[in-house]
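Colleague: When you line the sequence shown up against my numbering, it's residues 2 to 160, in that order.
A hint or two may mislead.
Said to hold, decoys possible - Here are the simulated DSS-like cross-link-like pairs (lysine-lysine), alpha carbons at most 25 Å apart as the crow flies:
| # | residue 1 | residue 2 |
| --- | --- | --- |
| 1 | K31 | K104 |
| 2 | K75 | K54 |
| 3 | K91 | K110 |
| 4 | K54 | K154 |
| 5 | K112 | K75 |
| 6 | K56 | K154 |
| 7 | K147 | K54 |
| 8 | K75 | K104 |
| 9 | K91 | K75 |
| 10 | K104 | K94 |
| 11 | K7 | K91 |
| 12 | K147 | K56 |
| 13 | K91 | K54 |
| 14 | K31 | K110 |
| 15 | K112 | K31 |
| 16 | K147 | K110 |
| 17 | K147 | K7 |
Unchecked claim - Label-pair restraints from in silico Cβ distances:
| # | residue 1 | residue 2 | range |
| --- | --- | --- | --- |
| 18 | E12 | K56 | 34 to 40 Å |
| 19 | F35 | I135 | 45 to 51 Å |
| 20 | K110 | N139 | 53 to 59 Å |
| 21 | K5 | E74 | 34 to 40 Å |
I should point out that these hints are in silico values taken from the structure, not numbers from a laboratory.
Don't be surprised by glycine CBs; every beta carbon is placed ideally from N, CA and C.
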Amino acid sequence: MLGKVKQQLLEAGGLDESRLEAALSHSLSKGADFADLYFQSSRSESWMLEDQKVKNGSHSIDAGVGVRVNNGEKTGFAYSDAMTNEGMMKAVKTASSIAHLQKQVPAIKIKASKIPQFYTNNDVLQGVDNAEIIALLNQMDNMARKIDTRITKVICSLA
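The task is simple: from the sequences and hints, build the whole structure.
Modeller: Structure, rendered in structure tokens:
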């Protein structure tokens, strides 16, 4: 699994462990206490059937790298949606600059709240053939129309 993560998140943007170490070293070079990098990658897909025809389909991929630098009680955050060495280093420099600002800002009390998780992160459409998705949308359309003959317009969406 680690190999897959490296391939999808790092190698695609020309990143490797030595560049990550260099980014963290730069983050700590001004005397910060702690620094970390976080990577994110998400994929979404959506289909819509209207009047028994596919009217809309979309696919999106979002990826990026974030940086957190702690310097005493100050924390700098920065993010780049360019998952490249250049994008990562810009975020590193920004987060480091924020963490080392000399301006005093009063603390704000934040109350933690527990939010229940209703959905999983499973991608139910991954690996499903487009023809199967369209067939399912058509099946949903047919089921709705069979409920009552007065139903003349059906819009089905799968995302």
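Colleague: Decide, hint by hint, whether the structure agrees.
Modeller: Verification of the hints:
no.: 1; hint: K31 / K104; in the structure: holds (17 Å)
no.: 2; hint: K75 / K54; in the structure: violated (55 Å)
no.: 3; hint: K91 / K110; in the structure: violated (30 Å)
no.: 4; hint: K54 / K154; in the structure: holds (12 Å)
no.: 5; hint: K112 / K75; in the structure: holds (19 Å)
no.: 6; hint: K56 / K154; in the structure: holds (13 Å)
no.: 7; hint: K147 / K54; in the structure: holds (17 Å)
no.: 8; hint: K75 / K104; in the structure: holds (10 Å)
no.: 9; hint: K91 / K75; in the structure: holds (19 Å)
no.: 10; hint: K104 / K94; in the structure: holds (18 Å)
no.: 11; hint: K7 / K91; in the structure: holds (21 Å)
no.: 12; hint: K147 / K56; in the structure: holds (22 Å)
no.: 13; hint: K91 / K54; in the structure: violated (46 Å)
no.: 14; hint: K31 / K110; in the structure: violated (28 Å)
no.: 15; hint: K112 / K31; in the structure: violated (32 Å)
no.: 16; hint: K147 / K110; in the structure: violated (56 Å)
no.: 17; hint: K147 / K7; in the structure: violated (49 Å)
no.: 18; hint: E12 / K56: 34 to 40 Å; in the structure: holds (37 Å)
no.: 19; hint: F35 / I135: 45 to 51 Å; in the structure: holds (50 Å)
no.: 20; hint: K110 / N139: 53 to 59 Å; in the structure: holds (54 Å)
no.: 21; hint: K5 / E74: 34 to 40 Å; in the structure: holds (38 Å)
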